[in-house]
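Protein sequences, first through last, are from chains A and B. So for the first sequence, my numbering puts the first residue at 947; every next one is plus one. So for the second sequence, my numbering puts the first residue at 57; every next one is plus one.
By construction, these hints were calculated from the structure, which means they are not laboratory data. Even glycine gets a Cβ: it sits at the ideal position worked out from N, Cα and C. There could be a bad hint or two in this list.
[As the list claims (entries may be wrong)] Derived DSS-like pairs (lysine-lysine); straight-line CA-CA distance at most 27 Å:
1) B:Lys100 - A:Lys1124
2) A:Lys1133 - B:Lys100
3) A:Lys1013 - A:Lys1133
4) B:Lys100 - B:Lys324
5) A:Lys1133 - A:Lys1038
6) A:Lys1038 - A:Lys1021
[Unchecked claim] The following label-pair restraints were derived from C-beta to C-beta distances:
7) A:Phe1016 - B:His291: 30 to 36 Å
8) B:Asp75 - A:Phe1016: 26 to 32 Å
9) A:Phe1016 - B:Arg217: 19 to 25 Å
10) A:Thr1082 - B:Val230: 46 to 52 Å
11) B:Lys100 - A:Thr1119: 25 to 31 Å
12) B:Ala309 - A:Thr1119: 55 to 61 Å
13) A:Asp969 - B:Phe320: 47 to 53 Å
14) A:Phe1014 - B:Ala214: 36 to 42 Å
15) A:Glu994 - B:Gln276: 45 to 51 Å
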Amino acid sequence: MCGANERSSEAELIRAAQRGDSDAFEQLVRTHDHAVLRMAFNLLHSEEDARDVYQEVFLRVYRNLPKFRFECSFKTWLYRIVSNLCLDQLRKRKVRKEESSSFDTDGGEIDRFQFVPEQRADVDPQRQMLSVEVNTRVQEVLSQLTARERLVFEMRHFQGMRLRAIGESLSVTEEAAKNCLFRATQKMRSALGDFV
Amino acid sequence: MTCHEVQLNTSLYLYGELDFAPEEELERHVEECAFCQRMLDREKTWHSALKSGSDDVSLDLLSRCRRDLHASLPGASRRLAAASWGSDWWGRISSGFSLPRGSMKLAMASFIFFIGFGMARWTDRNGVPEALQSSGPFSASSLLGPSTTRVREIQPAAQDRVRIIVEQVRDGEVTGSVTDQDVLQLLLAATRDSADPGIRVDSVEMLNRQTLDQQALSGQDGNDIRDVLLNTVRHDPNAAVRLKALEGLRRFAGDSGVRETLKFALEKDENAGVRSEAIDILAPVDGKLQMTPDLAGTLQDLMRSLPDDDYVRARCQQVLRTTNAAFDVY
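Generate coordinates for the entire structure from the input sequences, incorporating the hints supplied.
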């Protein structure tokens, strides 16, 4: 997916945006913003917070793009900003005892799991129920991970980022990112037990 | 590799983060160890359960975020211009040259004068380049708004001439009925080419409205719309867009190409909502369906290709039964 042509065209976009081309900047935003928003939402479980993070991420990108020197990939740089902002948000929430499994929307509080689509589960009520239970359990475990473990897990599992890039984004070594992912998956495995 | 080591490395293996040698060892071990095989299967199950659990954020939320950002950027832009870009541009340009600052200014002034003079002479002889006039598939009157031109590259050419590569960015607006060719072609292009799923959903929605007009379905426009919807169902990476395209295909349900695509969606699409919509179109519960040999064949094929999907099998059987077509061969 991320071929050489794609990378070079992204580099051209970045250079154009650095020269002040607002269309190039917009294109750059639209290339990455869906994934950024999804990650923020998956981590923060709040539309409002995800929206704030989205806004702040791209404003920071806009302000700091002239300083971007291609020393790492744009995606790594972008996710460094995303992860810092998400970690800040999660730290702020640490005072709360336990994160709820529901999230806020304009239409009120909604159970997150009702939006979880099931793999072929719609075809069989029994399987659907099992699948919902698995997802519920998985989400419970996710909410018990530390902020950093969760971030690494999100970046690897959902964003498909390599551990090396995750390490660069979080300013830690690849080994540290690997250990974080390892701990997260261990917790997941032990919590799920024979459930799946 | 021992069972314990396999257990420690399973997740990294599934993420493709193991080095070549340990990966080989793990695979060899798993092939021979039923316990680790089961453990690997379990791990795969929660990996995929979790993947499907991370649904996309709603396109509505994405649109709102984009609007917010768009509204914030002019302010940011002004601050930025004052703080960085504007004040720094001369330094950045001149830093690449070793000439003294005064000489550099003089050289740039001469250069700009030379370009202006060259452009004037060129346009005198050749007229304004077509690309700089309001061109393209739309009439001038249909395009409103400002156009901006940016010089991307300037090269000296033979005989005191200059070659300038110009990028033109033009805001345009086309307003009209979905049946207008300009509008329709833009919608088709947006569905096919836009990188933005929000735009693709909107354009498919508009195309779907067009398919309500039975008259339109019979002409070339109908074929174009059907083709683009078929392509969307098969290839669009966003489930919401695929789902929207399926809604539009309802009206083409009798078409063999559409049936093939519905079958494709049922067999290949990872999203449960998309599969559910596909079977609803192919085998509607109300049974208002004209059974043809082709359709019976498709349903029978599905019963064979999806032996574990009880729901799809039941729907196919129900339709085949109500139309007295054979279903028990599989």
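Violating hint indices (sorted, rising): Of the numbered hints given earlier, those the structure breaks are 3, 9 and 13, listed in rising order.
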